[in-house]
Amino acid sequence: MLTRRHLLAAALASAVIPAARASDRTLRVVGATGLAGEDATVSPYLVQNLEVGEGLFRVGPLGRIEPCLAIASETSADGLTWRFSLDPSAPFHDGTKVSSEIVASSIGRARQIPASALYRAPIGSIAAEDDSVVVRLDRPFAILPAILAAASSIILAPSSYAAAGQVGIPVGTGPFKIDSLVDNNILELSSARRQASPAAIARVRYLAVTDADTRARMVESRDAEIAYVVSPIAAERLARNSSLCVVRTPAPRLRYVMVNAADARLSDIRVRRALSLALDRAAAARAVLRNPGAAATGLMPPILPEWSSPGAATLDYNLAEAEALLQAAGWERQAEGPRRRGEQRLAFTLSTYAMRPELLPLATVMQAQWRKIGVDVAIETVMPERILQKSRHGSLELGLMTRSYFAVPDPVATLADDFLSTSSARGWGAVGWSSHELDDALLGYESTSSEPVRTAARQTITRILLDELPIIPHSWYEHVLAHTRQVTGVISDPFEASFRISRMQWA
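Numbering (mature numbering (1 follows the signal peptide of the UniProt record, and there is no 0)) for the sequence shown: -22 to -1, 1 to 485.
Treat the hints with care, as some may be off.
What follows is a set of in silico ranges between Cβ atoms, one per label pair, in the way DEER data are often shown [to be verified]:
| no. | residue 1 | residue 2 | range |
| --- | --- | --- | --- |
| 1 | A50 | S199 | 47 to 55 Å |
| 2 | E415 | R200 | 50 to 58 Å |
| 3 | A260 | T59 | 47 to 55 Å |
| 4 | P45 | L297 | 50 to 58 Å |
Rather than coming from a laboratory, the hints here were simulated on the basis of the structure.
No experiment lies behind these values; they were computed from the predicted model shown.
Cβ coordinates follow ideal geometry from the N, Cα and C atoms, glycine included.
Please build the complete structure, drawing on both the sequences and the hints.
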């Protein structure tokens, strides 16, 4: 009987037979990210990671913001005017020149998309002036280069857009160009530049596979050369295969529990603290993540050392203190079932999703740990978009998810989206909770490039979020990929800015 796994493997394998017979072999890549973004177009994340589209800035290997299509930038003394100079010789894949008019139009278009990093930017106007783009702001916004380095800020050629303004096949400026989208499931790419080496990768095929076990088995059976987002358990198995390499890289990504503070039971900080204290993060990291060091001890992972805040609250494991807090909040132990306070029950639904393979096993561990303090949790597995909907509608109770704090290469941009009380992007962070002090710290950070002011703001942000626990941090993230030894130079970019296929070679 043919399973879905067999069909996916067959689709990828059969599709590459012509290329396999040609001199330019095709690199077959499987990943968890679907081809479609929120607007049903090809995901900007994929367009950036597959090195098709580029922005005015990019994230370098060390996480620093580097010039890309903008070869120089200037800022006025008051921080309100930014001028970005373009390379006049840079072309799109269709031969169109990267003009200031096209760049200004592309930035303006991105500003209209709610999911875009530019949506919240205080931009007053965008103008094309010779070979420069001039952006005028309504208030100082020092993180603008970081916003312009995000995947949602990539610059595409006018030919990318259909008559209705929606992106069809993205046409960018990067090392690879998209040749076709096959059955809305497979992206075919080829090199857009002269190859520096005969061993360089000339053709790529990307297949989106949501099931983690299928991804692992495809690289194991040679139906793919690279598999991204491999589960910790599968990684252990693949590492024992001498023909495969497993690459692990700490990432600026956090797993955490979203908490609906508008729920009468969860509005009490004592209950939120009790839920946090009942989590044996180290045990869960050992059992599920196969990495005891992944247990979160603060808000941001060690890969972001500037966010270290020694004076902030710690994420301890203490069942006795957790029980005492619940008792003090009026939640009584029962002979059977969850704690009660009058007619209220301390029972919740924990929503999570399967795209990240470790989340459901972690949810099961949390369920057992919370049961020890008299909290019952039912687990539901849904699509990530459903969690976002429930969060914005106020129907979410608890949600286990993972969030990159470097999707925009300054964590404050994501934190502001998630926690700023006036943010229209809220949905992945605070639910029914806000803080004026946190608002001031976030906005203050965004408005200045003064490092002492930013350091103080980072400490304030960390202190408030760990004291108030609108989210409950759980564990640090580790990127895990597996690849065959037929390809060399494979790295796992901790900042998720690029697969860096242009630097890979055939062995």
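- Query: Lying within 47 to 55 Å: is that true of the beta-carbon distance A50 to S199?
  - Reply: 49 Å, holds
- P45 versus L297 beta-carbon gap, inside 50 to 58 Å or not: 52 Å, holds
- Task: Could you check the hint for me, namely that E415 and R200 are 50 to 58 Å apart, CB to CB?
- Result: Once the Cβ atoms are compared, 55 Å apart, the range 50 to 58 Å for R200 and E415 holds.
- Task: Hint says 47 to 55 Å; check whether the CB-CB distance for A260 and T59 agrees.
- Result: Given a distance of about 50 Å, which is inside 47 to 55 Å, the answer is holds.
Violated hints are absent here; each numbered hint is respected by the structure.
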